Amino acid sequence: MVNKIWLAFILIGFAFAAAKGNISAVTEAAFDGATTGVTVCFGLISIMVFWLGMMRLAEDSGLVKGISRLLGPVVSFLFPDVPKNHPAMGFILSNMSANLLGLGNAATPMGIRAMQELQTLNPDKDKATPAMCTLLALNTASITLIPTTLIAIRISFGSANPAEIVGTTLMATFVATLAAIMADRWYRRRYVKSHRPPVNPPANPAAATLTVER
Amino acid sequence: MIHVFSNWAVPVMIAFIPLFAFIRKVPVYESFVDGAKSGFNTAIEIIPHLVGMMVAISVFRASGAMDFFTGWIAPLMTKLGAPPEVLPLGFLRPLTGTGSLAFTTDLIKTYGADSMIGRIASTIQGSTDTTFYVLTVYFGAVGVKNGMYALKVGLFSDVIGFVAAIAICLIVFG
Chain D
8 MVNKIWLAFI
18 LIGFAFAAAK
28 GNISAVTEAA
38 FDGATTGVTV
48 CFGLISIMVF
58 WLGMMRLAED
68 SGLVKGISRL
78 LGPVVSFLFP
88 DVPKNHPAMG
98 FILSNMSANL
108 LGLGNAATPM
118 GIRAMQELQT
128 LNPDKDKATP
138 AMCTLLALNT
148 ASITLIPTTL
158 IAIRISFGSA
168 NPAEIVGTTL
178 MATFVATLAA
188 IMADRWYRRR
198 YVKSHRPPVN
208 PPANPAAATL
218 TVER
Chain P
26 MIHVFSNWAV
36 PVMIAFIPLF
46 AFIRKVPVYE
56 SFVDGAKSGF
66 NTAIEIIPHL
76 VGMMVAISVF
86 RASGAMDFFT
96 GWIAPLMTKL
106 GAPPEVLPLG
116 FLRPLTGTGS
126 LAFTTDLIKT
136 YGADSMIGRI
146 ASTIQGSTDT
156 TFYVLTVYFG
166 AVGVKNGMYA
176 LKVGLFSDVI
186 GFVAAIAICL
196 IVFG
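Heads up: the protein sequence lines correspond to chains D and P, in order.
Quick note on this note's numbering: the first sequence kicks off at 8 and runs consecutively.
Quick note on this note's numbering: the second sequence kicks off at 26 and runs consecutively.
Calculated directly from the structure, the hints in this document are not laboratory data.
Quick caveat: nothing in here was measured; it's all calculated off a predicted structure.
Worth double-checking, as some hints may not be accurate.
[Stated by the list, open to error] Restraint-style ranges between C-beta atoms, simulated for each label pair:
no., chain 1, residue 1, chain 2, residue 2, range
1, P, 97, D, 12, 17 to 23 angstroms
2, P, 97, D, 35, 37 to 43 angstroms
3, D, 91, P, 99, 49 to 55 angstroms
4, P, 116, D, 87, 33 to 39 angstroms
5, D, 196, P, 39, 42 to 48 angstroms
6, P, 69, D, 38, 36 to 42 angstroms
7, D, 28, P, 135, 18 to 24 angstroms
8, P, 37, D, 193, 32 to 38 angstroms
9, P, 199, D, 10, 36 to 42 angstroms
10, D, 91, P, 105, 44 to 50 angstroms
11, P, 96, D, 35, 19 to 25 angstroms
12, P, 135, D, 93, 45 to 51 angstroms
[What the hints assert, rightly or not] Only pairs whose alpha carbons sit at most 35 angstroms apart, straight line, appear in this in silico DSBU-like list of lysine-lysine:
no., chain 1, residue 1, chain 2, residue 2
13, P, 50, P, 62
14, P, 170, D, 72
15, P, 134, D, 11
16, P, 177, D, 11
17, D, 134, P, 170
18, D, 134, P, 134
19, D, 134, D, 200
20, P, 104, D, 72
21, D, 200, D, 11
22, D, 91, P, 170
23, D, 72, P, 177
24, D, 72, P, 50
25, D, 27, D, 91
26, D, 200, D, 132
27, P, 104, D, 27
28, P, 177, D, 200
29, D, 134, D, 72
30, P, 170, D, 132
31, P, 104, P, 177
32, D, 91, P, 177
33, P, 177, D, 132
34, D, 11, P, 170
35, P, 170, D, 200
36, D, 132, D, 91
37, D, 11, P, 50
38, D, 91, D, 200
39, P, 50, D, 91
40, D, 132, D, 11
Note that beta-carbon positions come from the ideal geometry of N, C-alpha and C, so glycine has one too.
Chain D extracted, bound-state conformation:
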């Protein structure tokens, strides 16, 4: 996917410049783009070094675990078909709290561990379960408290108030996550309905998804 997008950008750009008789713009833009790429990354060093230091403090002090505890009730609501004391729950919680703090590097391994645990509950190993889909919904929307990379880039380009987008980003990410959760719930209900006999709906949702996965 990335390969095609990358190639398409370059080739379409080349074709347009050639057709407009402005081919030297390609050379100029290519080197200019490369310079910007490096400059931006150097600008990122300062923020990355600082923020990852802060995040180590958050981990060592147990702050990440504390957030996990706060998220507990939310997670058991979102994953009704995962038993409360199942190891998957712990990994889902760590994954969510790492995402919240913007620790993408820590969130991904935790999320994969959660997927592996969810796979043990899965009767059909080729097919995703509703719980897996919910975990992915949360991760693709990914609520983040502080968008550090963007703040760093805004600093590099001389923003008068680089952090002014923190509030708008949090609001947008909140809306996106809410949309993901609602869509996930809707599909989950439809999925559960289509996978069980129409009469006698089971009393609790956990039982519902268990009958689903025959």
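Following the hints, complete the assembly by docking chain P onto the known chain D.
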């Protein structure tokens, strides 16, 4: 209200996290330095990705191709009060993380970090993750081939997030 939150969020975390760690008897400075070491490599490792994407997007823009493609929908977006320049970001964001980061950087560079376009681009880029990447990595790790409705949910939330980011910025900074 939102401006107050934006201004206070980072400083409060800078003060709160070390204080909390100190109360929990963490050797704050040493622990900070130890974690900070990994930041340098993290930033350096992005260089090849960002250079590659910045080159492709710069060429695409400088050639006039960008204006050609956004030109079609520009009148509609302008009518709704949204800058059409951010539209490609909506398509790029779910597909490639570095690609959309490069595009955001390009917009900020071209129009300025404090322009409405710069603010909207920053908000879009920061508010969601790369749907296709997350799906590939997570499902790939456990060998699930049929992702069910996960892609639909991810893309739906991307569209909502994109529209929300534009609307929120227009209201807050308008």
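Practice prompt. May I ask which of the numbered hints given earlier this structure violates, with the numbers listed in increasing order?
Written response: Of the numbered hints, 2, 6, 18, 20, 21, 25, 37 do not hold.
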